[in-house]
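Novice: Taken in order, these protein sequences are the chains called P and U. Residue numbers for the first sequence follow our numbering, so the first one is 118 and each next one is one higher. Residue numbers for the second sequence follow our numbering, so the first one is 3 and each next one is one higher.
Hints in this document: simulated from the structure, not taken from any laboratory. As the structure is a prediction and not an experimental result, all values here were calculated from the model. Each residue gets a CB set at the ideal place from its N, CA and C atoms; glycine is no exception. A portion of the hints provided could be inaccurate.
Stated by the list, open to error - Computed beta-carbon distance windows for the label pairs:
{"no.": "1", "chain 1": "P", "residue 1": "Ser169", "chain 2": "U", "residue 2": "Glu19", "range": "30 to 36 Å"}
{"no.": "2", "chain 1": "U", "residue 1": "Val54", "chain 2": "P", "residue 2": "Asp148", "range": "24 to 30 Å"}
{"no.": "3", "chain 1": "U", "residue 1": "Thr88", "chain 2": "P", "residue 2": "Gly177", "range": "33 to 39 Å"}
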Amino acid sequence: DQQVKQNSPSLSVQEGRISILNCDYTNSMFDYFLWYKKYPAEGPTFLISISSIKDKNEDGRFTVFLNKSAKHLSLHIVPSQPGDSAVYFCAASAYTFGNEKLTFGTGTRLTIIP
Amino acid sequence: DVKVTQSSRYLVKRTGEKVFLECVQDMDHENMFWYRQDPGLGLRLIYFSYDVKMKEKGDIPEGYSVSREKKERFSLILESASTNQTSMYLCASSLYLGQPTSHYGYTFGSGTRLTVV
Numbered sequence: 118d119q120q121v122k123q124n125s126p127s128l129s130v131q132e133g134r135i136s137i138l139n140c141d142y143t144n145s146m147f148d149y150f151l152w153y154k155k156y157p158a159e160g161p162t163f164l165i166s167i168s169s170i171k172d173k174n175e176d177g178r179f180t181v182f183l184n185k186s187a188k189h190l191s192l193h194i195v196p197s198q199p200g201d202s203a204v205y206f207c208a209a210s211a212y213t214f215g216n217e218k219l220t221f222g223t224g225t226r227l228t229i230i231p
Numbered sequence: 003d004v005k006v007t008q009s010s011r012y013l014v015k016r017t018g019e020k021v022f023l024e025c026v027q028d029m030d031h032e033n034m035f036w037y038r039q040d041p042g043l044g045l046r047l048i049y050f051s052y053d054v055k056m057k058e059k060g061d062i063p064e065g066y067s068v069s070r071e072k073k074e075r076f077s078l079i080l081e082s083a084s085t086n087q088t089s090m091y092l093c094a095s096s097l098y099l100g101q102p103t104s105h106y107g108y109t110f111g112s113g114t115r116l117t118v119v
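Next comes chain P alone, as it looks inside the complex (with noise of 0.2 Å):
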């Protein structure tokens, strides 16, 4: 049963436009989000999270929004550019007996067209 669903394997974007990668989730103990990044041949690096009491954080260029109701979040990158080309992964955070668990998604590709 997949948690935690990224339904876009792959989003084109032109270069300065803004890019919009989503996420949806079904577990209502999730407390925190978070996006990382990851290139080829490389592992993921964190990004930005977002605690689930909040609706909106933001960091430079990027700002992740969660719409709790329908269980939804996204990630805004504006302006977006060529090195923002990778593959976006959103996790999601449960805590069980005071232990951290992270449930990633599928990913998305985003690719950046100059």
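Following the hints, position chain U against chain P.
Specialist: Below, chain U alone, put in the same frame as chain P:
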């Protein structure tokens, strides 16, 4: 900066071999994790450990075991490698935060691409 080092970038092993994937972190993190990444399936958790000598099964533990004899080192073991274990393996570590007031994610290694022939 936290560094998570995986001993091999690429490995080719034969079916039936016993395979060890090693991971070392240098920032005294309590938590360590092994994931595998496959196209269309994302990152799936194999095993994790919250302390020395502790281990917990993740979502896909079958065919794998782990060892954590020292805090900084977490090994993934394929007891008898099979072709369906061909994958990218990613190790990660994190601090124990209890219930955090903010979240800075896990730190991942660069991955080991394992091919079983």
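Novice: Quick check on a hinted range of 33 to 39 Å for threonine 88 of chain U and glycine 177 of chain P, using CB atoms only.
Specialist: This hint holds: roughly 38 Å between Cβ atoms.
Novice: Per the hint of 30 to 36 Å, is the separation of the Cβ atoms of serine 169 of chain P and glutamate 19 of chain U within bounds?
Specialist: Violated, since serine 169 of chain P and glutamate 19 of chain U (Cβ atoms, about 44 Å apart) do not stay within the stated range.
Novice: Just tell me: holds or violated, for the beta carbon distance of valine 54 of chain U and aspartate 148 of chain P against 24 to 30 Å?
Specialist: holds, 27 Å
The structure fails hint 1 only (numbered hints given earlier).
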